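Both chains are given apart, each in its own frame, so use the hints to dock them into the complex.
Sequences listed follow chains A and B, in order.
Under my numbering, the residue at position 46 of the first sequence is numbered 117, and the numbers go up by one with no gaps.
Under my numbering, the residue at position 30 of the second sequence is numbered 223, and the numbers go up by one with no gaps.
Keep in mind that the hints are not guaranteed to be accurate.
DSS-like mimics (lysine-lysine), calculated; alpha carbons at most 25 Å apart, straight line [stated by the list, open to error]: (1) 458(B) to 87(A); (2) 458(B) to 130(A); (3) 350(B) to 447(B); (4) 443(B) to 130(A); (5) 99(A) to 720(B); (6) 145(A) to 720(B); (7) 87(A) to 455(B); (8) 557(B) to 500(B); (9) 532(B) to 546(B); (10) 145(A) to 715(B); (11) 130(A) to 455(B); (12) 130(A) to 447(B).
Stretches of chain A that chain B covers, calculated by requiring three or more beta carbons in the stretch to come under 8 Å of a beta carbon on chain B [unchecked claim]: (13) 95 to 102; (14) 131 to 138.
The hints are simulated quantities; they were obtained by calculation from the structure and are not laboratory data.
In this text, all values refer to a predicted model and were calculated from it rather than measured experimentally.
Note that beta-carbon positions come from the ideal geometry of N, C-alpha and C, so glycine has one too.
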Amino acid sequence: MQSIEPNWVSLQAVRKGERFVVRRIDDKQTRAQLLRFGLAEGSDATCFERLPLGPIVVKRRRQEVAIGAELSEKIWVEVIAN
Amino acid sequence: MNALAMESDAATVQPAVEKKASPQKLVLVGNPNVGKSLFFNHFSGLYVDVSNYPGTTVEITEGNYKNFRVVDTPGIYGVSSFNDEERVARDEVLSADIVLNVVDAMNLERDLFLTLQLVDMQFRMVVALNMMDALEEAGMEIDVERLSEILGVPVVKATAIKKRGFDDLERALETAKVGNIEPDLQKDISAVMARLRPTANPAADALMILEGDEIVAARHGLEPQDRREEIYVARRNRVNEIVAEVLREKSQMKFGAIVSEKLGKWTISPLTGVPILIFALWLIYQVVGVMVAQRVVGHLEVELGNKRFEPFVKHLFAKITPVEIVVEVLNGDDVVETKSFSFPEGTSRAKEKFEEFEAFIEGKDVTQNFAFSQETLWGKAVTILAGEFGAFTMTVTYLAFLLLPLVMGFYAFLAVLEDCGYLPRLATMVDRLFSAMGLNGRAVIPIILGFGCVTMATITTRLLQTSREKTIAASILNFAIPCSAQLAVIAALLTKAGGFYSLVFFLVILANLVAIGTILDKLLPGKSSPLLIDLPPMRLPRPTNVLKKTWIKTKSFMMEAAPWFFVGALIVSTMQVTGLLEGWVRLFEPITTHWLHLPAESARAFVMGMVRRDFGAAGLYELPLAPEQIVVALTVITLFVPCIASLMALVKERGAKEAMIIWLGSWILAFGVGGAVALVMRNATQNF
Ligand SMILES: Nc1nc2c(ncn2[C@@H]2O[C@H](COP(=O)(O)OP(=O)(O)O)[C@@H](O)[C@H]2O)c(=O)[nH]1
Ligand SMILES: [Mg+2]
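Excised from the complex, chain B in its bound form (with noise of 0.2 Å):
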């Protein structure tokens, strides 16, 4: 088997595929959003984002087809080092026994120019002409036969979202062929060729270096050649010729491709574009903040988590742990009754008191409280698993009936504003606002994503394209984002404090999200890539697609970020149980009474916002405070450090130093900014 490898990787020229035991690399290259995942899709029956914005995919995702190992890669415009994407890409590329190139037909143009890079380098490839329905729509005709016979490579039509051309591209994969390249070219090729070190793709390599690629030069112990604008003007000029011969115009536009042409006009002009942004924005925060984070997530986290999961895994527990069960009694919100039950040995060992419990509680509605004793070892390690902040229960209850179904309503508005080709738009629109924080449009879905979830938001920087860019989204994130959890006590308190200090509060921490963006991008050295970005056409969301990716999303988020909650929980319940929390709140106190003049009891607050942010705001809820009071410790919360899953997140986005310094700076921040608010207000109104 061995041997057989090591001959297919002799890229030597063959005319067909012959079968072969070992499986052969099959790369599916193409422009971003063309459709290649889908063609992944139906290759390897795995399932890989289906999007329609420029650089969604990028990381690189394999799978098996037949005898070939598939391998989908990051959408790029050509084969080259400019960005993080390409450079993944780029590898797996040279890397390949066969190409796939998928090529959208409504922009031949653009697309072409990878492909003529591509026969250049002489892989053995077969190009897929995606989007036939929508060139349809457009009533322009490709003669691909013609195309096929320039470019000396099978062309296959096909129509990726009603898998259209599947079979006969599985077909053409057998004949796959390498194309004609100019003997000009050639020729420098076999020259750099002849000093190569041994490659799966010699002549790939040495376009590459004629690119000047140092990368790749490196690779082969030679210096990068400064041919690159002569080739690409080249074949700039060839793409363009071969369009004129095979591109026609056929008939008139067809209704569905005029209202998508229409629509994406509207999106980006001043006028209608404004007013179409602040709806989508709209839109979110009514659906996602206050449909899905207050009414549902209010229901499942107190209904089923608090007062029916919890319970009962604590239980469990209470059967061999000596505990303090205190019972609520609740009409509607007010408590009307409050009884406690105590089992020194359990809840086992004492049958009687437990039914007259059990009986207590029947039918009423409840809330249980329980005091696990902490004299044992064993009951401290129980209020760890299972106490008021333990892995078992809250923690359960936190991911399973709040961020869950937060996440995924934010997945799949995400979703939607991608399939339909918004984002891009967005991006436009925005970029102005954003270039002034160093960053640029593409830097708005992080952010966006950010006042749902900050981990999730941190994950997203990925997407953006340096790494200064990643550190600037990543900070005004971490450190002036208020997450979703947090916006719904956050928008509670302000409702008690009024219009004008709600004002106050959000000009406060817009200021400071602008100032942590512009004294970054001051500081950081460097230029941020301002914006190029090719816009989609508009298109109708598909409804199994925005299903399909939300569920893959929140899945993927989930399982990257769950245990970082769980860790978060053993650390704080463990505080708790040894005393190190009572210690915290005591060391804050004074510094809550002399420099923000609140009440002693914010700085469990503000301690409690360290684990999970809305802690913090929800224990302020309690406190009688005044509206000036109010926009103090608010100011002070949201600018606090992040939770402890988000800097897990921003740990392994941005490195330890990087978290460390993001996690100080928002201690000082946050005190900082709230003193000089305090000191303000209270010199103002001197009301505190």
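The following block holds chain A by itself, in its conformation from the complex (with noise of 0.2 Å):
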């Protein structure tokens, strides 16, 4: 398992219209779901919205996925340059 790097922090605290790139998600049935949805590790895609407390919209390509707050914080992300 890898570490996490200074650099990443957890979904939930990406601001919105901030891009990033997936970097670990910790736990196994979410990494299965989520690559699916087309979100791997080493996918990137952008904050759509979020919601006060609530989930967070991430957006790759045309493809829209509301994650629940407790979720994004098992998902550590690394913030990109636009």
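See the structure below:
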């Protein structure tokens, strides 16, 4: 298992409009489910919307996925330039 | 015929479909919301739910097409066993002769993941590339020939809502093929296949075992392997490569696609999304709550049901049953004259008296109250069938004139919201609120439906993903959500009590609702599943689809629930004629007067509420109550036990044990909280 690099943050900390690369997903089942949505470790997406304390909507190409707050804490990402 | 069927089961790899006498199983597989149901409708000629909400098809639907047996499955993102829907779909897929994989051209990256899995499973298959119209709108293009070449199976363009591409698809089904599989994976699959027991699609079962599916592995007496992650990552990479090769941006996005995207953005952005959500709820309330529930139902139930239909049925029985008919002449809502007619041997034996009766009511607005003589067994039976709570009278009125329009109204609204793609967005907006109660945003649908009919909503808890969530949602519904039959009366009573007391009532119920959810979340073992939902594009709802869907859902609900309303009616009328009803009422009186400080007569309202919740509320309307007492009484009937039909739905969905816990729990909750409210109010106001 990889460690967490200093420049990774949890998806929960990503601001609206920021682009990021998914680096690590902590839960095995979530990893499999997100792989199917096209959000694999290593793939990029943008934070399309975030609701206060609530879910984060992630967009990759035309696919929008809403991810609950609890789940988003298990997803580690690296924010990249737009 | 059997011999032939055996042959086709052997899963020999054939280049083309031969005409066979026995039906082959054609299974429709696709991600949620890609148009599968439209394809199914086309092939089978049957209607199934077409909706814009992931996860609405939870059951398997079958039909026939030529010499195929066509099966529609719940939408899945991959063949596996992550949740109920997937488990249901998995077994259908694994037993397929031919797979029709419906793919949303707009979401190629997501959908091809499943497609490649099906290819790896070595099914004979065809890919239908649906939503070509939307792809065009978005200014994109897919190289279909190349895609077909890479996959090794026929790929057909389609626009299901415009019925385009169905002919090509029918032809393509005759050339369904096994696709191209990676040589490495093929080797691994072959190794597992060698150890399998006889099965319909050995390669598919073998892949499931490689991907760690415990259930499929157990069927072959094997241990599941732990290769899922590795296989998934490789598959994901292949999908991305394929998409990069076949998908091209061709032109600018068209206007329609831009509007859809903007609208989609507004619905989930807090600043615009919250007003949109409030507007949607307000609209539901206005249309279903006010227009349908109060105006339409009010008129239908009284004018058609109570004044025409019921007297008609009762007169049939009155012909041969001793009866006393009390006629009240109405002027608007006021009774201006009352007259009683008695027929000791039934109306057919007293021609003159009956003519007098008919002459009296001629041209007047009247209500007729029938009191059938209870002296004979026959009289008692008539009361059960056609009396005040009779199965042929009250129940029919209730079902046809109250429940039917109401349920239709709710389903129509749900259909519109579903079709335009708003529901998953709504689920996202309310997720935070619901997660405090151990639910996720998806539960918003049963909860909203609960304000229409708790029975209907209880049945809808099927949509939730885990048993734990189903339990929590069903509990909240049956403990704390007042259904629309009750709401009208509650609203009227609250108007009497005034704004401040309405607020108190509202807060008490809300606090209970939240408390029930929170406590169950703490008590029940496990954790509820967090929200992970894909948001489909916003689309204009299609009226024909909305109408069809409303009708289908209403029909299936009525068929499922109606018998229980009859059972409920039979129970109360039997209790009425045997004197049990009065006994119950007397049993309740001390609690009502000493603990709740309400008039003794409200006991009757509570007992009736066990049968039909609005009866409970309506009974209170007649009583002279102080505003504080109104709050207490309404709290009790809102929290009190679900009606008999809901209870039956609860037993069916959640099992007898859970249903009984909820039912008995509501007694404690309703009287406990009601008494507490009474205590506080009495100390605060010293008013009653
Ligand atoms: N624009 C467009 N919408 C479609 C097409 N086919 C289906 N839809 C819509 O997609 C949604 C999902 O359809 P449905 O048949 O219920 O999908 P299922 O969940 O796969 O069974 C509905 O709102 C349809 O109206 C199509 O070819 N073009
Ligand atoms: Mg469907």
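Restraint check for residue 557(B) with residue 500(B), where alpha carbons must lie at most 25 Å apart: Roughly 11 Å separates the two Cα atoms, so the pair holds.
8 Å C-beta criterion, at least three residues: is the segment 131 to 138 of chain A covered by chain B: holds (count 8)
Holds or violated: residue 130(A) to residue 455(B), with C-alpha atoms at most 25 Å apart: 14 Å, holds
Satisfaction of hint between residue 87(A) and residue 458(B), Cα-Cα up to 25 Å: Judged against 25 Å, a Cα distance of about 12 Å means the pair holds.
Pair hint outcome, residue 145(A) versus residue 720(B) [Cα-Cα no greater than 25 Å]: It holds: about 15 Å lies between the C-alpha atoms, which stays within 25 Å.
Restraint status (C-alpha distance of residue 458(B) to residue 130(A) at most 25 Å): 11 Å, holds
Distance restraint between residue 443(B) and residue 130(A), which requires alpha-carbon spacing of 25 Å or less: 21 Å, holds
Within 8 Å of chain B (C-beta), three or more residues of the segment 95 to 102 of chain A: holds (count 4)
Restraint status (C-alpha distance of residue 145(A) to residue 715(B) at most 25 Å): Measuring from Cα to Cα gives roughly 22 Å; hence the hint holds.
Restraint check for residue 532(B) with residue 546(B), where alpha carbons must lie at most 25 Å apart: 13 Å, holds
Restraint status (C-alpha distance of residue 99(A) to residue 720(B) at most 25 Å): Measuring from Cα to Cα gives roughly 16 Å; hence the hint holds.
25 Å limit on alpha-carbon distance, applied to hinted pair residue 130(A) and residue 447(B): Answer holds: residue 130(A) to residue 447(B) is near 20 Å, not above 25 Å.
Checked against the numbered hints listed earlier, the structure breaks none of them; every hint is satisfied.
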